[in-house]
Amino acid sequence: GKTKADAAVSDRQPKTLEAYVGFANLPNQVYRKSVKRGFEFTLMVVGESGLGKSTLINSLFLTDLYSPEYPGPSHRIKQTVQVEQSKVLIKEGGVQLLLTIVDTPGFGDAVDNSGCWKSVTDYIDSKFEDFLNAESRVNRRQMPDSRVHCCLYFIAPSGHGLKPLDTEFMKYLHEKVNIIPLIAKADTLTPEECQQFKRQIMKEIQENEIKIYEFPETEDEEEMKLVKKIKDRLPLAVVGSNTIIEVDGKRVRGRKYPWGVAEGESFKSEFVLFRNPLFIFRTHMQDLKDVTNNVHYENFRSGKLAAVTCNGMENKHNGQLTKSPLAQMEEERQENMGRIKKMEQEMENVFEMKVKEKLQKLRDSEAELQKRHDQMNRSILAQHRDLEEKRRQLEEEIATWETQQRILEQQKLETLKGGNKKKKIF
Amino acid sequence: MVEDEGEGARAVPLSGHVGFDSMPDQLVNKSVNHGFCFNILCVGETGLGKSTLMDTLFNTKFEGEPTQHNQPGVTLKSNTYELQESNVRLKLTMVNTVGFGDQINKEDSYKSIVEFIDAQFEAYLQEELKIKRTLHSYHDTRIHACLYFIAPTGHSLKSLDLVTMKKLDSKVNIIPIIAKSDAISKSELAKFKIKITSELVSNGVQIYQFPTDDESVAEINSTMNSHLPFAVVGSTEEVKIGNKMVKARQYPWGTVQVENENHCDFVKLREMLIRVNMEDLREQTHTRHYELYRRCKLEEMGFKDTDPDSKPFSLQETYEAKRNEFMGELQKKEEEMRQMFVQRVKEKEAELKEAEKELHEKFDRLKKLHQDEKKKLEEKKKALDDEVNTFKQKKTAAELLLNQAQQAGGSTTLKRDKERKN
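Heads up: the protein sequence lines correspond to chains A and B, in order. For the record, in the first sequence the residue sitting at position 178 is 179 according to the numbering used here, with numbers rising by one throughout. For the record, in the second sequence the residue sitting at position 328 is 1520 according to the numbering used here, with numbers rising by one throughout.
In case anyone wonders, no lab produced these hints; they're calculated from the structure. Misleading hints may appear alongside valid ones.
[To be verified] Here are the in silico distance ranges between beta carbons for each label pair: (1) B/1299 to A/346: 38 to 46 Å; (2) A/408 to B/1580: 45 to 53 Å; (3) A/51 to B/1278: 50 to 58 Å; (4) A/205 to B/1522: 51 to 59 Å; (5) A/69 to B/1327: 38 to 46 Å; (6) A/375 to B/1541: 25 to 33 Å; (7) B/1378 to A/145: 47 to 55 Å; (8) A/232 to B/1278: 26 to 34 Å.
[Stated by the list, open to error] What the simulated footprint calls covered on chain B by chain A, stretch by stretch (three residues with Cβ under 8 Å from a Cβ of chain A suffice, anywhere in the stretch; the number is not a length): (9) 1460–1467; (10) 1484–1497.
For every residue, glycine included, the Cβ atom is placed at its ideal position computed from N, Cα and C.
Isolated chain A, as found in the complex:
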């Protein structure tokens, strides 16, 4: 019933609808659009000459991808390892696939094979780079995906273990591309030898911490059974054959030997899996593309962008990687602006302080001079008073003396006037 409790809020069990709405048709819409768009896939094939790569590819796709006109890598003699691609357009059941096969003629064929993985990693990186640039443009158009989605690595059926070249190659490539190792020309090994060989290889892969492509777990039971079967048989041992032979009245693809026919269109052969069971292309092509896009490409991209934004410096903390380079640059800019502001403030403070000091000095100087001036003034004033005092004294003295002189004069006059008068006076 449609009660309030039924009103679905996210995080709870998805609400199953009672009457027809129609979005169950979404998968069909997706199907329709994808068929219209068409598909693309890039498969890389690596291994020494003569391991049956071209034969396998041809039998994988049931077509002469490699032919006398378009020879396989082993027929294209190169001095150094080249990475070459050829594109074919194939159609089946209304579905179009643009398949790019990338091969590496010259791989492992030299006397000194050190560094032969380099041209391969360079190629893969350049495809990532192309995609990154296309993705980063301002004006983006439909982006063609030429990234390598899967690398089939052919191991020579020595029966012993991996060669140093094998481990080296896989170690350099496992974080750039989905590696599916194959044991080539498996019909030269007996079932027991093959089993032993497989175990040894897987052991060495683990020891070297090589991450080969992992077939994903799935909820579908049937599929899970298949996936488990593959996982138990890794690395897949293959025999490629372009020849159709008749076995028990059936026409099968196989290789005819004097001692029998090596064929295995079914899982009955424990150790040899023919083209059919390389059905990874029936069920896992999409996953191979997804892992390339979500894991390998993203690793490349984050590495590239981190280098650009941090200018090769060590990341201060991992938190920087959760931002876009632009946001980071903006942060840096803010930081720098803050720094400048702080500097400005400091300079301002120093300036103020210096000015204050100077002003204080000036005031002190003024006060000092004023003091001296006042002292001088007082001294002059005192001297003036002194002089005034002396003058007064002098004038007093003069006055007294003049008075005395007058008396003397008077007396003189009196004595001169007559002695008689003198008797009278006294």
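Using the hints, position chain B against chain A.
Frame of chain A, contents of chain B only:
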């Protein structure tokens, strides 16, 4: 299309069944496992039955209460629901414009809607630009379809409608619908639709066209395009018609059946929006509307695809160029600041020097004054000394005279006088 990229690729025939025709299935399986997501924005005045229509379309009662008319502005409320039909899981987000058209001044009504849409684009863009990103598990909140509810006046579009749709048509897929269309009679409806369509065209409003490039759906889509805008009626109530319970609205004069194509275009809307073109709506949002937003944003920030010589920039070059620009700016700023300080210091120093000079001049003047005073004092002293000397001389001369007089005669009297004096 893949064919276009395949120039230079040779077509080769297959001699048997390889099995890559399962690729579409593989893709579909992946999508189904991942789940789908769809975001609808409902724009329309209060009371046009937006919530009811959504409930009817998705056959469920979504949360929320009827809103009042007294909202001060337009706000957007979004709710996310997890729905499932058969094995398909859909994360559906409904965004409702609350208060749209309720204000007296509706000039800014469209602004919050545009801001909301842009904000979702921005969130996606930020995720896309991160160094460590997880796009495949990102919950996409970008609006895939905008249902624009037109009031069933029967006459023409309101100017608010035209203005709003014009602002939105380059940002989102607009699907205009005539709401509560049971208020209009059939003949009026036909005229109304024509009027609306012509008004949209004459105002240059780009509404979403159902795609006709895929043969499998071209016919139905182009037929439906001619029925736009859809006149819909929503109802979650059921009425018994014959022996079935159907969604309907019951009036005294009759019953409007929601899913009856003669009564309204509800079924058409459901077909087009959900069953046939949901994926295309998502695709258009991503490849057209989002790309436009992204391009404008990046250009705004100064990013270009080619340098002045028309050589394409690589990503690194672009970022480095931006970086250098920032750095240059910063350095310039720093330099400017320093220069300013140097200037100020110089100025202040000159000021202080000037003050110092003045002070010294002042005191030099005072010193001179003192010296003058001192000189005057000296002169005064000298004058006084001269007077003292003159007096002394006078005195001495007088005494000399007196001595001479006494010695000449009458010395006794003088003596006597002297004694008396003394």
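List, from low to high, the hint numbers that the structure doesn't satisfy.
Failing hint: just 2.
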